[in-house]
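Residue numbers (the working numbering), protein chains in the order written: chain B, 56 to 532; chain P, 566 to 700.
If you're looking for bench data, these hints aren't it; they were derived computationally from the structure. Treat the hints loosely; a few may be bogus.
[Said to hold, decoys possible] Calculated cross-link-like contacts (lysine to aspartate or glutamate; reagent style EDC-like; alpha-carbon spacing at most 20 angstroms):
hint: 1; chain 1: B; residue 1: Lys-240; chain 2: P; residue 2: Glu-613
hint: 2; chain 1: B; residue 1: Lys-188; chain 2: P; residue 2: Glu-569
hint: 3; chain 1: B; residue 1: Lys-311; chain 2: P; residue 2: Glu-622
hint: 4; chain 1: B; residue 1: Lys-480; chain 2: B; residue 2: Glu-175
hint: 5; chain 1: B; residue 1: Lys-304; chain 2: P; residue 2: Asp-665
hint: 6; chain 1: B; residue 1: Lys-467; chain 2: P; residue 2: Glu-658
hint: 7; chain 1: B; residue 1: Lys-240; chain 2: P; residue 2: Glu-617
hint: 8; chain 1: B; residue 1: Lys-304; chain 2: B; residue 2: Asp-319
hint: 9; chain 1: B; residue 1: Lys-480; chain 2: B; residue 2: Asp-507
hint: 10; chain 1: B; residue 1: Lys-311; chain 2: P; residue 2: Asp-620
hint: 11; chain 1: B; residue 1: Lys-304; chain 2: P; residue 2: Glu-639
hint: 12; chain 1: P; residue 1: Lys-615; chain 2: B; residue 2: Asp-239
hint: 13; chain 1: B; residue 1: Lys-393; chain 2: B; residue 2: Glu-139
hint: 14; chain 1: B; residue 1: Lys-396; chain 2: B; residue 2: Asp-319
hint: 15; chain 1: P; residue 1: Lys-615; chain 2: B; residue 2: Asp-301
hint: 16; chain 1: B; residue 1: Lys-113; chain 2: B; residue 2: Glu-447
hint: 17; chain 1: B; residue 1: Lys-467; chain 2: B; residue 2: Glu-500
hint: 18; chain 1: B; residue 1: Lys-113; chain 2: B; residue 2: Asp-391
hint: 19; chain 1: B; residue 1: Lys-467; chain 2: P; residue 2: Asp-665
hint: 20; chain 1: B; residue 1: Lys-188; chain 2: P; residue 2: Glu-662
hint: 21; chain 1: B; residue 1: Lys-468; chain 2: P; residue 2: Asp-665
hint: 22; chain 1: B; residue 1: Lys-188; chain 2: B; residue 2: Glu-175
hint: 23; chain 1: B; residue 1: Lys-188; chain 2: B; residue 2: Glu-199
hint: 24; chain 1: B; residue 1: Lys-470; chain 2: P; residue 2: Glu-570
hint: 25; chain 1: B; residue 1: Lys-242; chain 2: P; residue 2: Glu-631
hint: 26; chain 1: B; residue 1: Lys-467; chain 2: B; residue 2: Asp-478
hint: 27; chain 1: B; residue 1: Lys-311; chain 2: P; residue 2: Asp-665
hint: 28; chain 1: B; residue 1: Lys-304; chain 2: P; residue 2: Glu-622
hint: 29; chain 1: B; residue 1: Lys-192; chain 2: B; residue 2: Glu-359
hint: 30; chain 1: B; residue 1: Lys-240; chain 2: P; residue 2: Glu-631
hint: 31; chain 1: B; residue 1: Lys-92; chain 2: B; residue 2: Glu-69
hint: 32; chain 1: B; residue 1: Lys-304; chain 2: P; residue 2: Asp-627
hint: 33; chain 1: B; residue 1: Lys-468; chain 2: P; residue 2: Glu-570
hint: 34; chain 1: B; residue 1: Lys-192; chain 2: P; residue 2: Glu-639
hint: 35; chain 1: B; residue 1: Lys-468; chain 2: B; residue 2: Glu-500
hint: 36; chain 1: B; residue 1: Lys-92; chain 2: B; residue 2: Glu-67
hint: 37; chain 1: B; residue 1: Lys-240; chain 2: P; residue 2: Asp-627
hint: 38; chain 1: B; residue 1: Lys-240; chain 2: P; residue 2: Glu-639
hint: 39; chain 1: B; residue 1: Lys-242; chain 2: P; residue 2: Glu-639
So the chains spell out like this:
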Amino acid sequence: MLEGIHQIGLHEWEIPLGYVAGMRVPGRIFLSESLGKILEAGAVQQLANVATLPGILKHSLAMPDIHWGYGFPIGGVAAFSIDEGVISPGGVGFDINCGVRLLTTPLQHKDVTGRRDLLEELFRAVPTGVGAKSAQKVSLQSLEGMMAQGAQWAVRAGYGVERDLLRCEEGGFMKSADSRPVSDKAKQRGIPQGGTLGSGNHFLELQVVQEIFHPETARAFGLSLGQVCCMIHCGSRGLGHQVCTDHIKALESATKKYHITIPDRQLACAPITSTEGMAYFSAMASAANYAWANRQMITHTTREVLSKTFRIEYDEMPLIYDVAHNVAKFEEHLVDGKSMKVCVHRKGATRSFGPGASDLPADLSSVGQPVIIPGSMGTSSYILRGTRTAMERTFGSTCHGAGRIMSRTQAKKMKSGKEIVADLKKQNIMVRAHSENAIADEAPEVYKSSEDVVNVVHEVGLSRLVARLSPIGVIKG
Amino acid sequence: MSFEEISHTADIKIRVRAPTLEALFSETFNALMQVMYGTARKGGIIKEIKVESLDNESLLLDFLSEVLFVSEVESLVFFTASISIHGSRLTAELSGEPFDPIRHSGGSEVKGISYSGLSIIHDANGYMLDIIFDV
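Chain B on its own, in the form it takes in the complex (with noise of 0.2 angstroms):
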């Protein structure tokens, strides 16, 4: 572990007061010792900066997939008092509500082995990769739908079920969503882009459930032993990226305005309550609202898929759940055991709310939110649950992820997309992207293990394991 960071507790570590000028409350970060030896110190030090911002409550927190990324760092969770606190577009991110669904089928591993017409029937309907375009026509009216009413605007537009919206998180948009601080470029870029899936380590992927841990939890979410599932991860695509790049610069002249001290100026921010930064607030949710708008058409049109390869009908395929990775969000939280509304940044960390959680459909309520944890390309994702300890230690969040520890350079350089292709192959896993060159920046061995990271989280209790499911075939962004 790296120096001046102490251990407290089981699979968690302090870093005190002082570590960088300015903290105004100590950071915390969750991690087994053989995690902590790839800790980067980039990463501790941008945990450290979020711990300088004004109105921060209790810690700046760490997930176990912490890795060195811009403003906040990429696992950092952090929740600040709306009166005294700051919004940064720095722990949201340019993929605003990056997020992922899974969905099941009633289909069975041996039905879809070796079926690579199905990964390239999928392939050709859901547009991926960099400059990829939509299928569907999205005219203005609908792209105003889309960022005011996220998953409803695109159930209401047939892209979708009612009961869809019961299993996202937020009910599949954020109400207070306000698109007139979203610029025109904004929009001129979301437009075209409406059901794309986009590129990087956005994903679509058939898995299997390979494993239960917890069989009534498996059963109350809707999961079996080898049964197929479907993957999606992706986000705001260029409306989400223009939103942030808008209201960074706009935020940088409040960050004066308001005399507010920063040690990274991609930390710009605002107090929440000021006009900046309720209108980075409104134009972020209209953002996260085109992003799970977009998860919903991508959902309708692998339905549509498996729906015509398999015959089965489109409502045997239900939604488990959604979650964003990247946002900033009201909640009520205890603090000093007290209720308050807090504005909690989640900068690729999932939100993990315990049984009796508000925002939970009435059947989990009892359970706990599904917790949806994608493993990098050809590696285990899980499926765990929110948890009380959740709402206790970390403003209801947990991982995300499996997380880097590799450069793209770095991969590029141990394996050729090739050499990953046929490794893959060894392990009946089908991949299929528009360049090798995508494939090789994604190879597993570039991500901490995902068993690893999902581990920290089950034996701290900020999210417990359910199942694991393990890839069958991938389309690479």
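We have chain B; now place chain P onto it with these hints.
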């Protein structure tokens, strides 16, 4: 005049050196286009970009963000940028071609240009910067 990729875990970090501020901006632009669309790019279609910002770092970030915007909404892949900077104002003439999925799909989509760690250094050897592209 050159750029090199520096190891960065999550994103793409580029180090650029150039004799003048204009060349520094131009080379950073080249790095951005290469990361996104690879090296098989051609000129032909001309676009002009104008930005005005508070300091050199913001000027660079605003310029590259504008390049990302124009490239995406007009489906253009740029090859060269002829840049002039006067105080807080930048004018760039970009030359490029329509996006071709066959030749230009090899890269990584850049989501945004980060301020983290961005500082333009000017000394006797010329100009230098490190910049992070979020991919």
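Cross-check of the supplied hints:
no.	hint	result
1	Lys-240(B) - Glu-613(P)	holds, 17 angstroms
2	Lys-188(B) - Glu-569(P)	violated, 31 angstroms
3	Lys-311(B) - Glu-622(P)	holds, 16 angstroms
4	Lys-480(B) - Glu-175(B)	holds, 16 angstroms
5	Lys-304(B) - Asp-665(P)	violated, 32 angstroms
6	Lys-467(B) - Glu-658(P)	violated, 33 angstroms
7	Lys-240(B) - Glu-617(P)	holds, 17 angstroms
8	Lys-304(B) - Asp-319(B)	holds, 14 angstroms
9	Lys-480(B) - Asp-507(B)	violated, 24 angstroms
10	Lys-311(B) - Asp-620(P)	holds, 14 angstroms
11	Lys-304(B) - Glu-639(P)	violated, 23 angstroms
12	Lys-615(P) - Asp-239(B)	holds, 17 angstroms
13	Lys-393(B) - Glu-139(B)	holds, 17 angstroms
14	Lys-396(B) - Asp-319(B)	violated, 27 angstroms
15	Lys-615(P) - Asp-301(B)	holds, 16 angstroms
16	Lys-113(B) - Glu-447(B)	holds, 11 angstroms
17	Lys-467(B) - Glu-500(B)	holds, 11 angstroms
18	Lys-113(B) - Asp-391(B)	holds, 9 angstroms
19	Lys-467(B) - Asp-665(P)	violated, 23 angstroms
20	Lys-188(B) - Glu-662(P)	holds, 17 angstroms
21	Lys-468(B) - Asp-665(P)	violated, 26 angstroms
22	Lys-188(B) - Glu-175(B)	holds, 18 angstroms
23	Lys-188(B) - Glu-199(B)	holds, 18 angstroms
24	Lys-470(B) - Glu-570(P)	holds, 18 angstroms
25	Lys-242(B) - Glu-631(P)	holds, 15 angstroms
26	Lys-467(B) - Asp-478(B)	holds, 15 angstroms
27	Lys-311(B) - Asp-665(P)	violated, 43 angstroms
28	Lys-304(B) - Glu-622(P)	holds, 12 angstroms
29	Lys-192(B) - Glu-359(B)	holds, 17 angstroms
30	Lys-240(B) - Glu-631(P)	holds, 10 angstroms
31	Lys-92(B) - Glu-69(B)	holds, 16 angstroms
32	Lys-304(B) - Asp-627(P)	holds, 9 angstroms
33	Lys-468(B) - Glu-570(P)	holds, 13 angstroms
34	Lys-192(B) - Glu-639(P)	holds, 17 angstroms
35	Lys-468(B) - Glu-500(B)	holds, 12 angstroms
36	Lys-92(B) - Glu-67(B)	holds, 14 angstroms
37	Lys-240(B) - Asp-627(P)	holds, 14 angstroms
38	Lys-240(B) - Glu-639(P)	holds, 12 angstroms
39	Lys-242(B) - Glu-639(P)	holds, 14 angstroms
When held up to the earlier numbered hints, the structure conflicts with 2, 5, 6, 9, 11, 14, 19, 21 and 27 and fits the remainder.
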